[in-house]
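Between the sequences and the hints, there should be enough to build the whole structure, so can you do that?
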Amino acid sequence: MLLPPDLRDWLPVDHQVWFVLDAVARLDTAGFAARARLGGAGRAGYDPDMLLALLIWAYAGGVTSSRQVERRCREDVAFMVISGLARPDHATIARFRQQHDEAFVDLFTKVLALCGRAGMGGLGHVAVDGTKIAANASMQAMTDEDGLRRIACRLVEQAAADDAVEDELFGDARGDELPEALQDPARRRALLDELIERAETDPNRDRGGKRRRAVDKADRALALADELAAVRDTTRRAARQRLQDELDAARHSAAHIRAAVQQKADERATQHAAAAAEGRRLPGPSPSRSTNTATYAAHKPASRPSRPNSPRSRPHPTPAKPTAARRTTTRSAASPTPTAG
Numbered sequence: 513m514l515l516p517p518d519l520r521d522w523l524p525v526d527h528q529v530w531f532v533l534d535a536v537a538r539l540d541t542a543g544f545a546a547r548a549r550l551g552g553a554g555r556a557g558y559d560p561d562m563l564l565a566l567l568i569w570a571y572a573g574g575v576t577s578s579r580q581v582e583r584r585c586r587e588d589v590a591f592m593v594i595s596g597l598a599r600p601d602h603a604t605i606a607r608f609r610q611q612h613d614e615a616f617v618d619l620f621t622k623v624l625a626l627c628g629r630a631g632m633g634g635l636g637h638v639a640v641d642g643t644k645i646a647a648n649a650s651m652q653a654m655t656d657e658d659g660l661r662r663i664a665c666r667l668v669e670q671a672a673a674d675d676a677v678e679d680e681l682f683g684d685a686r687g688d689e690l691p692e693a694l695q696d697p698a699r700r701r702a703l704l705d706e707l708i709e710r711a712e713t714d715p716n717r718d719r720g721g722k723r724r725r726a727v728d729k730a731d732r733a734l735a736l737a738d739e740l741a742a743v744r745d746t747t748r749r750a751a752r753q754r755l756q757d758e759l760d761a762a763r764h765s766a767a768h769i770r771a772a773v774q775q776k777a778d779e780r781a782t783q784h785a786a787a788a789a790e791g792r793r794l795p796g797p798s799p800s801r802s803t804n805t806a807t808y809a810a811h812k813p814a815s816r817p818s819r820p821n822s823p824r825s826r827p828h829p830t831p832a833k834p835t836a837a838r839r840t841t842t843r844s845a846a847s848p849t850p851t852a853g
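Residue numbers (our numbering): 513 to 853.
In case anyone wonders, no lab produced these hints; they're calculated from the structure. Hints may contain errors.
What the hints assert, rightly or not - Below, simulated EDC-like cross-link-like pairs (lysine to aspartate or glutamate); rule was C-alpha separation at most 16 angstroms, straight line:
1. K622 - D561
2. K622 - D540
3. K622 - D534
4. K622 - D658
5. K622 - E657
6. K622 - D656
Right, here's the structure in full:
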């Protein structure tokens, strides 16, 4: 990427970096300049105002690690504009913060307060225990210097903690360097060629690919099995519902037929009963009593009274029981009289 020759053209005019640079330039930073010293081995120290603006911009954006600030100075345009293309290392950045701990907190607080008074509402995003002050923060909250000081102190403490952890992990290194064997371009390209050729001639080079394809195939098979199971379940439910509907329809039809048959039987029983009451007989078989007992009983003709001299009206004689005298006479007549000898 080709960058404009003038750093002022690298960022738009509405970028917040310009406010930070102008604010630091107008605040009193004499105390920082008085403690400035040479970097070492004939190398001049960095401008304190540049380091102040760099740390304020980084911390306001949530970048508290000195190693990350160093990387941003090489890769981030806003950091490159602040540093003027200088590349302070993480040790220089951490040492500057440690030397000006309290003074830096004071200056950081003043810059945040100026942001609030200028109507910006915030600067980047300031993280305090996971809380962010967004761009729409109230003017009163941003001009509360006690609260802003607490935010600045928390950020400085977070930066010190991050540096301590990374120093333990990486020592004096940045932590993102290439191994020494890969830093020389010729050796790096030769190693890459060798690794590519070895990968192409390795008989097991596609083992991982085969394994992945096998896993993918198994996953597809499982997914297909799940789909088939879902289809079968849906089909089973539909068939069960269809059978239930057919059974309900058959029951309804049977009930309707029974009701129609019963109605016809009731009508026929009523007609036969009425005809019998009139002394007539309808053609066809008479309805059974069991067909509709209630209907038959309701229309059953009343019994006509019998004539006095009719056989049905005369009482049947009841045979008399034999008395004791009759039983004796009968027994005497039955037994023979003995003769004299």
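These are the hints, each one checked on the structure:
no. : hint        : in the structure
1   : K622 - D561 : 14 angstroms, holds
2   : K622 - D540 : 11 angstroms, holds
3   : K622 - D534 : 13 angstroms, holds
4   : K622 - D658 : 11 angstroms, holds
5   : K622 - E657 : 8 angstroms, holds
6   : K622 - D656 : 11 angstroms, holds
Against the hints set out earlier in the document, no violation occurs for any number.
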